[in-house]
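**Student:** Residues per chain are reported as follows:
2 protein chains.
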Amino acid sequence: MARKASLSGFPEWLPNERLVELHVQDTLRRTFELHGFSNIETRAVETVGQLLRKGEIDKEVYGLSRLQAEEGEAAGTDPNALALHFDLTVPFARYVVENAGHLAFPFRRYQIQKVWRGERPQDGRFREFTQADIDVVGDGALPFRYDVELALVIADALGSLPIGEFTVRVNNRKLAEGFYRGLGLEDTAAVLRSVDKLEKIGPDKVAELLISETGATEDQARAALALASIRTADTSFAEQVRALGVQHELLDEGLAELTEVIEAASRRAPGTVVADLSIARGLDYYTGTVYETVLVGHEKLGSICSGGRYESLASKGNRVFPGVGLSIGVSRLVSRLLADGGLQASRDVPTAVLVALNDDDSWYQAQDVATALRARGIAVEVAAKAEKFGKQIRYADRRGIPFVWFTTAEGTHEVKDIRSGDQVAADPQSWTPPAEDLQPGITTS
Amino acid sequence: MARKASLSGFPEWLPNERLVELHVQDTLRRTFELHGFSNIETRAVETVGQLLRKGEIDKEVYGLSRLQAEEGEAAGTDPNALALHFDLTVPFARYVVENAGHLAFPFRRYQIQKVWRGERPQDGRFREFTQADIDVVGDGALPFRYDVELALVIADALGSLPIGEFTVRVNNRKLAEGFYRGLGLEDTAAVLRSVDKLEKIGPDKVAELLISETGATEDQARAALALASIRTADTSFAEQVRALGVQHELLDEGLAELTEVIEAASRRAPGTVVADLSIARGLDYYTGTVYETVLVGHEKLGSICSGGRYESLASKGNRVFPGVGLSIGVSRLVSRLLADGGLQASRDVPTAVLVALNDDDSWYQAQDVATALRARGIAVEVAAKAEKFGKQIRYADRRGIPFVWFTTAEGTHEVKDIRSGDQVAADPQSWTPPAEDLQPGITTS
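Residue numbers (the working numbering), protein chains in the order written: chain A, -6 to 438; chain B, -6 to 438.
Hints are not guaranteed to be accurate.
Simulated crosslink set (DSS-like; lysine-lysine; CA at most 27 Å straight-line) [to be verified]:
1. Lys309(A) <-> Lys(-3)(B)
2. Lys309(A) <-> Lys378(B)
3. Lys293(A) <-> Lys190(A)
4. Lys(-3)(A) <-> Lys(-3)(B)
Simulated coverage check for chain B against chain A, where a stretch passes if three residues somewhere in it have a Cβ under 8 Å from a Cβ of chain A [unchecked claim]:
5. 282 to 293
6. 379 to 385
Here are the in silico distance ranges between beta carbons for each label pair [unchecked claim]:
7. Asp354(B) <-> Glu232(A): 17 to 25 Å
8. Ala(-2)(A) <-> Ala332(B): 33 to 41 Å
9. Val289(A) <-> Asp354(B): 26 to 34 Å
Keep in mind the hints are simulated off the structure, nothing from the lab.
Don't be surprised by glycine CBs; every beta carbon is placed ideally from N, CA and C.
Use the sequences and the hints to build the structure in full.
**Tutor:** Take a look at the structure:
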């Protein structure tokens, strides 16, 4: 991590760092599959028209054009031109619509892929990074219970990672919107946008914004801020909201939904999932539950996993596909684990055993040993040259390979743990390394 | 596969098809790691200057530009502009040079990533596809033995895949070049280019080309074609070459190298690796061993795995990095396995068990059952609604989930195999499905 990316915003990992990233990805994959999510991949490319459908983000999109394009080929902001996707939600929505006839709904999918943002180079932000998304999408309707389930899935997934303590903060758009309406504030989107800035600019500035931007009175602004200040690890947030004395049907609905999420989560993942009524999430398409996640002690890093419920991820004629989903910023997380967390792999290579050579002709015999060991899942390299044993051992040491295998001219075998120096007789058909040496482990340096 | 890609050249798989692709990728990853190869990923993006260094391929490159680029930003064929990589070799060469100080040489790496080619849309070729590459790269020198080893690794890797019979065809550039020089043909690159067309245009046309393009006499052309006609599954090719009566030092060297590869391979993977003296491989940077691989019965598909030895993958001042590597066209292979091979996953979802609900309140209890099963690696979904059991079973059936779990009001458990209808008492703490049902398997339909 001392190394600088050779192209700003496009980080690349060394083999040891990549093992940490693979561990994170493999763990997420395993957890998602244990919860019944199917994997898909979508193409890296969408049409510009598809990507800009929601507007506002065209600055962040990388357009594509063939270097030797012919006259008349679509390019730039032409809706038919091609561009790299900037998230996995837009491609997933298109995939659902295109393949609706082949999918069983509710469709549960996870997707771990790179996305690209055409940020200005000098901003020092990632321009290529990996996201891990899970969504459940219904055909026409999707029971609210999936909002509860996703909070549990994500608590399980993040809890399986070596990332320390984290908090999933949950809010509900209906709750906030109903509260604002009950207060008499009708431009709820503008109120949400102002409240969303709470962490950045503080309550006084937000109050000013509410008054100047949304036409709120001081009392209304104070009430909106009071709502946003409520955070509880149990369902007591509901009483605190009630105590503010606002009445609205949508507020009731939101309170009931958020109570259900927090109640389930406090049973199954106590302390991990909290109600935080300041969470707004910028994206317009969320319509109910919204989630954010922070690493305890690294709150400044921002949310490492966010999402929510949307009543219409996509539509096809009269058919609407509602969903609920979450997205983990894998690259941002891994980058932090490597830099601050000091996470690393216990060795740089998968190899557990180097088979040493007595002489150059013993290479074939050494391949037999390697094949026997590999058949039991042990990663093996065979030395390429019959150098002095000391040199072959140093080769293993330099690569972090823990064991060196020797075969005598008489055909007997010994294996040496080059860390301890212990050397013992061994049979290629039965020897295995200790479980912790079979594969590189992830440790804190 | 009846479905057409919504964007020509950018295929996307359904969840079941993706399971086949994942199986291929996971199997390759496992085999490469068992042979001691480390994984890396390089960024999708290189500078245009880096990509076009070898010339000739600019038509196939997708350039990138921010949709709202500011004046003066590099674009198009400007060497500083960004573009998508078209293979994994160019990025790997750059990675080796940039990180040479952090890598242990010989550096063994595998890389499974997407690449892009800006083909004309109407060509019906893949414009996005996945490649799986392995290379061993030395610092200054790399023993020839790695050429032998890579043939064995690739035979092992491809042999682990459900692709049927395949043949790795090996040749050696030194052998061919030495032979042509011994014949008196000095423009060996031009001779190779002509011979490379053998499969496409036949021997008569190649003879014409050799005479018109390289100034060969009829005898020389006939001898070059005689060399290219030699194919043996053992080392007898050497005698056949000798019988042609050509002498050259480089020819001797090439014969010795190819003999070593074929000898080792015929011991360890009999019949799989053959000497084929017609193999030329277009790329100029190969300097010794060259490999191609065809699926038996699908020769028209072309090579699914190709590579070779290069004396200089990259250089850094006086420092040269020779290597030997192979690249598998994963997308092309998977596409063929799905279409002609009829390969499919035994179910569409990872889920082995659906936990049914008696009533809506039993959802929490059902989560306990699910958690107990997941702890033993069993993928589980919990029903979202307490519909009639018949409806919950149909839900499982529609998704291909083989088992449905029932918990009575008294807290006893039963599990039903919905394929056979068998229903038995089961304990969440100990029940496991038969091994073949634990995860989706890959089968031929």
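**Student:** Next step is simple, just say for each hint if it's right about the structure.
**Tutor:** Here is how each hint holds up against the structure:
This hinted pair checks out: Lys309(A) and Lys(-3)(B) have alpha carbons roughly 18 Å apart, not beyond 27 Å. The hinted pair formed by Lys309(A) and Lys378(B) meets the criterion: a straight-line CA distance of about 26 Å does not exceed 27 Å. The suggested pairing of Lys293(A) with Lys190(A) holds, with an alpha-carbon distance near 14 Å, which does not exceed 27 Å. Under the criterion of a C-alpha separation no larger than 27 Å, the hint pairing Lys(-3)(A) with Lys(-3)(B) is inconsistent with the structure, at around 42 Å.
Counting residues of the stretch 282 to 293 of chain B whose C-beta sits closer than 8 Å to any C-beta of chain A gives 0, which falls short of three, so the coverage hint is violated. Coverage of the stretch 379 to 385 of chain B by chain A is violated. Counting CB-CB distances below 8 Å, 0 residues qualify, and the rule asks for three or more. Against the hinted window of 17 to 25 Å, the Cβ-Cβ separation of Asp354(B) and Glu232(A) comes to about 23 Å, which satisfies the hint. Distance hint check for Ala(-2)(A) and Ala332(B): the Cβ-Cβ separation is about 40 Å, which falls inside the suggested range of 33 to 41 Å.
Between Val289(A) and Asp354(B) the Cβ separation comes to about 33 Å, which falls inside the hinted range of 26 to 34 Å.
In this structure, the earlier hints numbered 4, 5, 6 are contradicted, and the remaining ones agree with it.
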